[in-house]
Amino acid sequence: MMDLTDKVALVTGGASGIGAAASRRLAGAGAHVVVADRDGDAAELVAGEIGGTARVADVTDPEAVTALVEAAEGVRGHLDVVLLNAGITSGQSGIADLDLAGYRAIMGVNLDHVVFGLTAAVPALRRAGGGRIVAIASLAGLVPMPGDALYTASKHAVVGYVRSAAPVLAPEGIVVNAVCPGFADTPLIARAKEQFGDFPLLTAEDVATAVEAVLERGEPGECWFVQPGREPAPYGFRGVPGPKGAGAPPPVDWETGRSGRRS
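Under UniProt numbering, think of the first position of the sequence shown as 1, with each following residue one higher.
Treat the hints with caution; some may be incorrect.
Said to hold, decoys possible - Derived Cβ-Cβ restraints for the label pairs, each shown as a range:
hint, residue 1, residue 2, range
1, Gly173, Asp58, 27 to 35 angstroms
2, Gly74, Gly30, 32 to 40 angstroms
3, Arg127, Asp99, 36 to 44 angstroms
4, Arg127, Pro228, 18 to 26 angstroms
5, Pro144, Leu201, 16 to 24 angstroms
6, Gly77, Glu216, 19 to 27 angstroms
7, Ile95, Thr5, 36 to 44 angstroms
8, Arg104, Pro146, 35 to 43 angstroms
9, Val168, Leu45, 20 to 28 angstroms
10, Gly40, Glu63, 17 to 25 angstroms
11, Val143, Leu100, 25 to 33 angstroms
12, Gly160, Glu231, 23 to 31 angstroms
13, Arg238, Asp58, 36 to 44 angstroms
14, Glu231, Asp39, 30 to 38 angstroms
Keep in mind that the hints were calculated from the coordinates and are not lab data.
Nothing here was measured: the structure is a model prediction, and the numbers come from that model.
Positions of the beta carbon are idealized from the N, C-alpha and C atoms, including for glycine.
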């Protein structure tokens with residue numbers, strides 16, 4: 001079990017689904033969790049359950065994200081863990097049709113929020129002497145999802161951003177990772193859930209378990225995939241050399257779920 005006693009964690013999109021499950025997991029490990037969400041009432045419910053702090057924030061607004069980080073750091077004078085979890089789907093193909101407002105919205109939540117969150121959090125983590133940043137990406141950040149090209153684009157961008165930022169921050173003791181789950185039974189897919197039929201879905205708890213594993217032993221720049229029935233593991237970007245110092249992940253056999261990492 002990870003030990004986050006006396007640590008402060010910030011979770012965006014923390015009022016439901018993966019964010020709520022991860023908030024509970026972090027609190028269970030001893031952290032004081034700041035649950036941030038656009039739904040203030042739902043954030044209050046989760047924060048009240050775990051003894052944390054609720055904050056309302058628009059994660060597409062850089063000033064609001066900076067204020068959120070400052071508020072989290074102010075709880076106990078330091079910030080140690082940041083989980084950038086907020087995300088949406090596009091609801092359009094983004095190929096033959098393009099609703100510009102919808103495009104801006106998905107990029108604002110899925111990508112801009114990660115960039116704003118990381119840049120706002122880094123000074124606080126430096127003041128704390130280091131820390132962890134985890135972005136919730138998607139399996140669609142590693143492989144294409146033809147049904148939603150815009151979602152795929154946003155999550156590929158998150159994966160690339162994490163892998164590029166990690167080697168820059170690692171020497172300062174700030175470890176940056178991504179978690180890339182497959183389809184999970186959360187409010188994000190609620191409208192389309194019946195279309196999945198018997199297709200196996202992850203639970204929010206499955207993804208929270210992966211977040212815990214990454215916080216415990218993830219190396220800088222690793223992007224861990226999460227699939228039903230398999231242990232979470234770093235994705236191997238085969239044939240693509242990782243940046244020097246990025247802690248490039250070992251290859252993963254998708255049939256066995258095994259990687260070259262030593263246990």
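Taking the hints in turn, this is what the structure says about them:
1. Gly173 with Asp58: 27 to 35 angstroms: holds, 30 angstroms
2. Gly74 with Gly30: 32 to 40 angstroms: Violated, since Gly74 and Gly30 (Cβ atoms, about 19 angstroms apart) do not stay within the stated range.
3. Arg127 with Asp99: 36 to 44 angstroms: holds, 41 angstroms
4. Arg127 with Pro228: 18 to 26 angstroms: Distance hint for Arg127, Pro228 is violated at roughly 40 angstroms.
5. Pro144 with Leu201: 16 to 24 angstroms: Since Pro144 and Leu201 have Cβ atoms about 20 angstroms apart, the given range 16 to 24 angstroms holds.
6. Gly77 with Glu216: 19 to 27 angstroms: With Cβ atoms ~24 angstroms apart, the hint holds.
7. Ile95 with Thr5: 36 to 44 angstroms: Given range 36 to 44 angstroms: violated, Cβ gap about 49 angstroms.
8. Arg104 with Pro146: 35 to 43 angstroms: Given a distance of about 22 angstroms, which is not inside 35 to 43 angstroms, the answer is violated.
9. Val168 with Leu45: 20 to 28 angstroms: violated, 37 angstroms
10. Gly40 with Glu63: 17 to 25 angstroms: Taking Cβ atoms as reference, Gly40 and Glu63 lie about 18 angstroms apart, which means the hint holds.
11. Val143 with Leu100: 25 to 33 angstroms: holds, 27 angstroms
12. Gly160 with Glu231: 23 to 31 angstroms: holds, 25 angstroms
13. Arg238 with Asp58: 36 to 44 angstroms: Holds - the Cβ-Cβ distance for Arg238 and Asp58, about 38 angstroms, lies within 36 to 44 angstroms.
14. Glu231 with Asp39: 30 to 38 angstroms: Distance hint for Glu231, Asp39 holds at roughly 32 angstroms.
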